[in-house]
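Construct the entire structure; sequences and hints are all you get.
Take a look at the letters that make up each chain.
There are 2 protein chains.
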Amino acid sequence: MVIGMMGFGTIGVGVYELMRDQKDLEMRYVLDIRDIGIPEATRRAEDLWEDPEVETVIEVMGGLHPAYEFVTAALRAGKNVVTANKYLVATYYDELLALAAEHGAAFRCTAAVGGGIGWLTALERVRRLEPVVALEGIMNGTTNYILANMTQGGLSFETALSEAQALGYAEADPSADIDGLDIMHKVLLSANVAFDVSLPAGEIPTFGIRNVTDDDVWNFKSRGLVCKMLGNARLEGEKVAVYVQPTLLPELSLTASVPANFNLITYETEYTGRMSFYGQGAGRYPTAANVVQDCLDLAGGVKSFYSGRARRVPVSNEIAHYRYYLRTCSAKKDAVQEEQWGDASVTRLMSVAEMKKLYDEILPEDPKVFAAAIG
Amino acid sequence: MVIGMMGFGTIGVGVYELMRDQKDLEMRYVLDIRDIGIPEATRRAEDLWEDPEVETVIEVMGGLHPAYEFVTAALRAGKNVVTANKYLVATYYDELLALAAEHGAAFRCTAAVGGGIGWLTALERVRRLEPVVALEGIMNGTTNYILANMTQGGLSFETALSEAQALGYAEADPSADIDGLDIMHKVLLSANVAFDVSLPAGEIPTFGIRNVTDDDVWNFKSRGLVCKMLGNARLEGEKVAVYVQPTLLPELSLTASVPANFNLITYETEYTGRMSFYGQGAGRYPTAANVVQDCLDLAGGVKSFYSGRARRVPVSNEIAHYRYYLRTCSAKKDAVQEEQWGDASVTRLMSVAEMKKLYDEILPEDPKVFAAAIG
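Protein chains in written order, with this note's numbering: chain A, 1 to 375; chain B, 1001 to 1375.
Note that these hints are calculated values from the structure, not bench results.
Possibly wrong hints are sitting among the right ones.
Claimed, not checked - Result set (EDC-like, lysine to aspartate or glutamate): computed pairs, CA atoms no more than 16 Å apart in a straight line:
(1) B:K1023 - A:E130
(2) B:K1332 - B:D1360
(3) A:K357 - A:E318
(4) A:K23 - B:E1130
(5) B:K1221 - B:D1343
(6) A:K368 - A:E158
As the list claims (entries may be wrong) - What follows is a set of in silico ranges between Cβ atoms, one per label pair, in the way DEER data are often shown:
(7) A:G342 - B:G1202: 56 to 64 Å
(8) A:E163 - B:E1339: 28 to 36 Å
(9) A:G153 - B:P1131: 30 to 38 Å
(10) A:T10 - B:K1368: 53 to 61 Å
(11) A:E26 - B:S1304: 23 to 31 Å
Claimed, not checked - If you want the footprint, here are the derived chain B segments under chain A, 3+ residues with CB under 8 Å:
(12) 1109 to 1121
(13) 1273 to 1282
(14) 1288 to 1296
Computed from a predicted structure; not experimentally measured.
Even for Gly, the Cβ is constructed at its ideal location relative to N, Cα and C.
This is the structure we're talking about:
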């Protein structure tokens, strides 16, 4: 299978290296605006979709533009597209899937969720046999690294974040990680595939960890709890709950024990029960490996996306309930407080929708508010 | 795809139920010596391989005979075979694979390792891209249930075993579980597929948990350790180490936190690093689900076993090293003791081969000896 690749950054170089050993895959073009010094280099994007022998276009540039323009052009030319770009897929989900179907091309993005974990293909496999009813997990290595180091190393949030940045896990502007946007895109994609739906990105609430303090962590620890940042989605009848939130878990539980920058993602089905996948959620080679795996699947005859026709559904977070740890100086907490943990409140059982509303009301009053579900 | 199934016990009934929803799969025969009251029932095994329309034969009878005779007859007739019978596959590995290849049939046994976890297909997928260098894990729910209940519930071995039997996890004769034979078959199959080898079952050492006491567990607990029964295999150059042993792990580690009768199996590769799979390792529906998944793969065009030509290799446990917890009244421990934990010894670093030799020497002298690797 002849392939053209757009992007030669961290992931792109990994894909290029791994593909050299694959006799059924031929990398013909690598698009980059820089001088990248390889024989396949081109600065002309059209090369990738004008060459009739190119069957598959890989997009590992990242960002929305010009990735969107290039990917849609490739699909219109009937090329299969493989991408690791969750932001792109989550943003243009319906359009990309429709374009692929219309032009008889396959669209795959396994590396977009869980990096080295073949999560979307695992969902695709189990769905042949039984419906997925729920999914949840640690889908972002940076926030897990920060929280794990606060918990085990006793670091402050700022120090743990600086360490994550020094190791290259977190960006200079870490907000996509610590405010939960990265996880939001991943949980949206996962839920779309798991439930055959198309969820509106703008409606998915994300409670971040920007405001978590070492006092909070100490408060959890003294109660045998560990804070993990989780993406969640659940199907109930026709309704889908989907949200991103810090969650307090018993320290001896499986999810609580995920170290460093690893991911652990779980689905739940009627017959197989809970199945979890643990691995490197990011990084050059783990991510590149799943990009190449997608290409191998296409070369082996895979012709479509992971799931069927997507039904547009709203977010229904009134069906999911938790008690929340809520640390705020706002008096608005009083109406929902049921218990006190140190200086923080523990609320009565609330729906995620209700908590989101309260949180948004508190935030202007107390920009340091921190909320975590008690899982 | 037309299918005949041999066996209508726990797994067989599950397969029968799950297959009803699969429009591409037609169950034509179900072989059982009992009167099972379904229209597909037959008492004549030959029906399954004499009907030219049957493409695939499922074997879920268990045991070696007549499963072996029936499976080989089906393969000779060119039928694909799907089985959940690890004992059969581990025992006749070379012969079954050769027969399948010779008659152009596919041989699949995903449910044989890890029950509801698609472990062998996960190995098959990753091996397209990169070699597997090691694997390990909790591959037996019964022993995990017993050890978890001794650790968390403070139960004695006998009480924990009785509970496992009452819940239907452990057989009336539990030796295949507690002496490690079940895990030995699973780790052998996993290593064979992961490394493209054929290992001799008789040479794989299994240290069991028959002799573990609540005092031992207390000894571990007071040091922040948890005992788990693990299967292990590792490739180093041309050599393969493979063994089954109780292993002491830090209580906050991922493997230590696996509860009840769940499994957690891990492979390690150069590029993707560590990948773990957690789920129901046994039970009607999880196991049946992977039998049906195998059939779906065959209907979708899968034509071969998970790995290529198997190279016969010996077991080389002199390449794997641990310090061991060794509790025995035999004076033979003195030569290797480096430390003492309560009444038990902690040995110097020893190879698994060396420990196996020592253990076999101690056993006649002290039938209550217990050994666990410090992981």
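Each hint tested on the structure:
As the CA atoms of K1023 of chain B and E130 of chain A are separated by approximately 13 Å, the hinted pair is consistent with the 16 Å bound. Simply put, K1332 of chain B and D1360 of chain B have alpha-carbon atoms about 11 Å apart, close enough for the 16 Å limit, and the pair holds. Taken as a hint, the K357 of chain A and E318 of chain A pair is honoured in the structure, with Cα atoms around 11 Å apart against an allowance of 16 Å. Restraint check: the Cα-Cα separation between K23 of chain A and E1130 of chain B comes to about 13 Å, which is no more than 16 Å; the hinted pair holds.
Taken as a hint, the K1221 of chain B and D1343 of chain B pair is honoured in the structure, with Cα atoms around 15 Å apart against an allowance of 16 Å. Note on K368 of chain A and E158 of chain A: the hinted pairing holds, with a Cα-Cα distance of about 14 Å set against a maximum of 16 Å. The hinted window of 56 to 64 Å between G342 of chain A and G1202 of chain B holds, with their beta carbons roughly 60 Å apart. For the hinted restraint 28 to 36 Å between E163 of chain A and E1339 of chain B, the CB-CB distance of approximately 34 Å keeps it satisfied.
The supplied range of 30 to 38 Å is met by G153 of chain A and P1131 of chain B, whose beta-carbon atoms lie about 35 Å from each other. Checking the proposed 53 to 61 Å range against T10 of chain A and K1368 of chain B shows it holds: the Cβ atoms sit about 56 Å from each other. The beta-carbon spacing between E26 of chain A and S1304 of chain B, approximately 24 Å, falls within the hinted interval of 23 to 31 Å. For the stretch 1109 to 1121 of chain B, the stated coverage by chain A holds: 4 residues have a C-beta nearer than 8 Å to a C-beta of that chain, and at least 3 were required.
Check on the stretch 1273 to 1282 of chain B: 8 of its residues sit with their Cβ under 8 Å from a Cβ of chain A, so the three-residue criterion for coverage holds. Counting residues of the stretch 1288 to 1296 of chain B whose CB falls under 8 Å from any CB of chain A gives 5; the rule of at least 3 is met.
Taken one by one, the earlier hints all hold for this structure without exception.
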